[in-house]
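Engineer: Listed below, chain by chain, are the residues.
Protein chains: 2
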Amino acid sequence: MAKIAPLSGFPELLPEQRVVEREIIASLSRTFELHGFANIETRVVEPIDRLAKGGEIDKEIFVLQRLAAEPGAKAELGMHFDLTVPFARYVLENAGKLEFPFRRYQIQPAWRGERPQEGRYRQFTQADIDIVGREGLGFHHDVEVVRVMVEALGALPLPPLSFQVNNRKLIQGFYRGLGIADVTNAIKVIDKLDKLPAETVAEQLVEQAGATVEQAQQCLKLATIRVGDTSFVDQVRALGVQDDLLEEGLAELAAVIEGCADAVSDRVRVEANLRIARGLDYYTGTVLEVFMAGYERLKSVGGGGRYDALASDGKTTYPGVGVSFGVSRTVIPLIADGVLSGSRKVPSAVLIAVTDEGERPTSTAIAAALRARGVACEVSADAAKFGKQIRAAERRGIPFVWFAQADGSHQVKDIRSGDQEDADPTVWTPPEADGRAHIVVAGQDTGSPVSRMR
Amino acid sequence: MAKIAPLSGFPELLPEQRVVEREIIASLSRTFELHGFANIETRVVEPIDRLAKGGEIDKEIFVLQRLAAEPGAKAELGMHFDLTVPFARYVLENAGKLEFPFRRYQIQPAWRGERPQEGRYRQFTQADIDIVGREGLGFHHDVEVVRVMVEALGALPLPPLSFQVNNRKLIQGFYRGLGIADVTNAIKVIDKLDKLPAETVAEQLVEQAGATVEQAQQCLKLATIRVGDTSFVDQVRALGVQDDLLEEGLAELAAVIEGCADAVSDRVRVEANLRIARGLDYYTGTVLEVFMAGYERLKSVGGGGRYDALASDGKTTYPGVGVSFGVSRTVIPLIADGVLSGSRKVPSAVLIAVTDEGERPTSTAIAAALRARGVACEVSADAAKFGKQIRAAERRGIPFVWFAQADGSHQVKDIRSGDQEDADPTVWTPPEADGRAHIVVAGQDTGSPVSRMR
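Sequence order for the protein chains is L and R.
Each step along the first sequence adds one to the number in the numbering used here, with nothing skipped, and position 413 is 502.
Each step along the second sequence adds one to the number in the numbering used here, with nothing skipped, and position 323 is 412.
None of these hints come from the bench; they were simulated from the model.
Any given hint could turn out to be false.
All copies of an identical chain are treated as equivalent in the list; a pair is satisfied when it fits inside any one copy or across any two copies.
Capping the alpha-carbon separation at 25 angstroms, the derived lysine-lysine pairs in BS3-like fashion look like this [said to hold, decoys possible]:
(1) K277 with K388
(2) K477 with K186
(3) K148 with K163
(4) K310 with K284
(5) K92 with K163
(6) K284 with K148
(7) K186 with K92
(8) K474 with K186
(9) K92 with K404
Isolated chain L (complex conformation) (with noise of 0.2 angstroms):
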C-alpha cells in the first residue's frame, strides 16, 4: 500500500503537539468562565442560504452531500467557515430560552475551501467570545470583551501580543465631518494601507471615494495615528475635524483603551490604532485586530468588535461585541518553529515496571493506588529487562519508573537524575512539575507561563 501523506490544509497534531493546543484552550476556557462565559457548542452544518451572502467568502464554503443522494440532487447544507454565522442562527433559533445579554464562548472547528498556507487551513480551531443583547448592548461590553481577550491571551505562553483597536463611529464621523463623498469606500480604500503605498491609497480614495487631495492627505494623517494611551483623542482634534459621530468614536475608543490599561504588560499591548477598519461592513463601533510578534507574516492572529446587528428576525434585533482568536492560526506556527512544544507524549508521569508477567496484578495495584490520588501512570506493556522498560519510558517522556521488589517493598526511579528511592504507593506523588504534561516554551526555563498554564 502506499505511503500515507498528509491532506494539504488539514494539519493534524502528534500526541506531545496536540498537548500544547489542549493546554491553551484549557487556559483560554478558564479565563472566559472566571469572566461568566458560558461555553456553548454549534451543529458544523448550516443551511447553505444562511452561509453563502454573495461575499468573497461564498467560493470557499464547503457543501456536505450524502454519498448515495441522486446525482444532481442539490446540496442543501454547508460546513460553517467562521464561529459568527452559527451563533448567530443559535441566538434567533433560541431567543425564547436564552437569557440576555447572553455571554458565551465557542471553541471550534471551521471550514474554508481557501489555498493552503501557513497559519491558513482548510480546517482551523477558533476561540470566540461574544455577548449579544436584545434590542440594545451597554457599551460598557465592548470595553469588557476587549479586556477579558487581553486578560485570556496573556495568560498564554506566546510571543508579545499586540491589540490594535479603532472605532468604526471614529473613522466614519472623520470622513463625513471632512466631507468625503463616499465614505463606506473610503473605509475599503483605507483597508488596503497594509497592502499598498499611502501613495497609491491616496489616489484610490480620490479615485473611488470622492475625495479631493486634500482630504485625502487628511484621511491619511488619521490612519497613522497609533498611540498606547489615550494621546489619540488630542492628535486627532489637531487635524481639525468637527463631527458629533466622530466625538461618539473618540469617546468609545478612549474607554477601551483605558479599560484595558491595568491589564497590558510585556506580553500584550493595547493600541488605538486609527488605520484599523476591518473589511466585513457589519462592525459599527469597535473594531480591533490581534498581531503576534515575530509573526506579522500570520496578518492577525485574532480580531473582532461591535456590531450593532449581529442578528436580526426582522422584528427584534441582537446587537453584539465580540472578539475571536485564532487558536490554530497561531498555535500551528508556533509548534512547526519549535516555540511550544509538550513535555511529553503521554499523561503518565509513572510507569510501573513489570518484573514478570506472573507479577502484572502487583503492578496493576500499585497503579491502582497511584492513580486513586490523582497521579497518572501506566503499567509495562511487557516485562523485559529493567533497562528496557525505562528506555521505554524515556521515549515517552515519562520521568519516573516504579519498581516493586521481591521483599515486598517499593523503589521509585527519577529517570532523569538516575535517583532511585523508597517509596508507598499510597502516599508517593511526584513533584508538582512533573504531575501532568504541560507547555514547554523553548529558550524559557520551566518558569512562570508554563506554570501559570498548568
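Go by the hints and put chain R onto chain L.
Structural biologist: Frame of chain L, contents of chain R only:
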C-alpha cells in the same frame, strides 16, 4: 423572516445542557489520562476511498465539496463516520513518530447520513480509547481497556450500565468444534438473536450456515449463557464441544471478567454474554457491548473489542483493542428526559450588582478580586433596581449577588435562602458545591455522583 427550525439529526444544546455534556467529557478525559491514554484529534475528513469499503455504512457517508467546484467534479473527501477509521489512518501515517503500544483517547464528533431517531443523530460525539501495537499486542491490554472504560463510565452519573462481553475465538472455536460448515455465516445469523425469535434463528443456521438441527440447538444453548462471573466456563464445557480455539477464547473471556471483578458496582456490571458477536468481521477476540438500564431502546451505548489488524501498510500489521462510548447517544436522551441537567446557565457563582453606572468601576474591581482567587463572576449588565438585578441572577441560576455599600463595606446575598452577610472580596469564596456549574441528577440529592463529577 421565517422562524428558524432546528435541523433534524443535528442536535444542539442550550448552555445549561452543555454543562452536562462538558462535565461528562471532562470526567471521561480525566479517567483516560489517569490510565496514561494520550489525547489526539484527527481532521474530520478522509479520502472517500478510505471511508467507503462497500459496506452498509457507505450510503450514509457525507461527502464534502467546495461550493465553487466545477459542475460534475468528483468529490474526493468524506466526513468520518466513526473514530476508528481516522485513527487507523493516523497510526499508519505517523507510525514512525509514535511509541508502541500507543494508547490514545479521542473525543470528537462523527457524521452519518442516517435517518434521525432517538439516540441516532447525523452529527454525534463519541469517546474512544484504543491501544494499538506494532506487529504484536499483549492480551492483557484487552483486560485493561475494558476495565478503563468500566472505571470511566462508572464515574459518570448515568443509569446503571451493563458491559456484555464475549470472545470471537470462543464462538468460532465452539462452532468449528461442533462441525458447523460456515462459521462466519453462523456468527452473522446468531447476531440476529435480539431481533428474531430463537426458532427463526435456528432455521437460518440450518439454511444459511449449513448447520444440522442439532448443531443449531447447540449454538442457541451457547448463546443463552449469560453470567456475571467465570462460571460460564463450566457451562460451556458441559455442552461437550472440544476445540483449541474455544479453549483460548474461554481463557481470554474469563481473564476479562476476572480483571474487572473489583471495578464493578451497582452502577456498572460486567457480564459474560455468549450471544454478543458484533457483526463487523474485523473483530478477532474480545467483543463487548454496553447497555444502559431503562434505555435498552437505544441498543448499545458503547462497544468494541480486539482486532488483530486495526491497520496495515502491507508490510507491518498493527493490532488493536479498544472501546467506544456514544456520548451523544447517551447524554442527549438523558437530558431530553430530564434525568440529567446543568445546575445553572452560566459559569458565574456571583453577580456583582451595580449601584449606578458611575460606580461600575467599583463593581469591576470587586469582580477582579474574586477572579484572582478563581471565583467565576460577572458584573451586572445595568444599574437597574437591585430587585431587578437579583432576578437577573436568579434567571441564570447564579446563587450569590454582591453589593458594594456606600461606606466601602461589602455584603453578599445567597439569593436562594435570602441570607445576606458582610464579606471581603479578597477572602470570600462560595461553598464548594456552588463554585462551578455541575450536573444535577433528577431524584437525587447533590450527593455522591454529582460531587464525583466536579
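Engineer: Is it within, between, both, or neither for K310 and K284, if the alpha carbons may be no more than 25 angstroms apart?
Structural biologist: Classified as within; 17 angstroms inside a copy, 78 angstroms across copies.
Engineer: With 25 angstroms as the alpha-carbon cut-off, assign the pair K148 and K163 to within, between, both or neither.
Structural biologist: both (16 angstroms within a copy, 17 angstroms between copies)
Engineer: Treating 25 angstroms as the Cα threshold, decide for K284 and K148: within, between, both or neither.
Structural biologist: This pair counts as within: shortest intra-copy Cα distance 23 angstroms, inter-copy 47 angstroms.
Engineer: Within a copy, between copies, both or neither: where do K277 and K388 come within 25 angstroms Cα-Cα?
Structural biologist: within (17 angstroms within a copy, 57 angstroms between copies)
Engineer: One pair to classify: K186 and K92, alpha carbons no more than 25 angstroms apart. Within, between, both, or neither?
Structural biologist: between (51 angstroms within a copy, 14 angstroms between copies)
Engineer: When no copy is specified for K474 and K186, does a C-alpha distance of 25 angstroms or less occur within a copy, between copies, both, or neither?
Structural biologist: This pair counts as between: shortest inter-copy Cα distance 24 angstroms, intra-copy 62 angstroms.
Engineer: Given identical chains, is K477 near K186, meaning Cα to Cα at most 25 angstroms, within a copy, between copies, both, or neither?
Structural biologist: between (59 angstroms within a copy, 19 angstroms between copies)
Engineer: Is it within a copy, between copies, both, or neither that the alpha carbon of K92 lies no farther than 25 angstroms from that of K404?
Structural biologist: For K92 and K404, only the inter-copy Cα distance (11 angstroms) is at most 25 angstroms; the intra-copy one is 57 angstroms.
Engineer: I want to check one pair: K92 and K163. Are their C-alpha atoms no more than 25 angstroms apart within a copy, between two copies, both, or neither?
Structural biologist: between (35 angstroms within a copy, 23 angstroms between copies)
Consistency note: the structure conflicts with none of the earlier hints.
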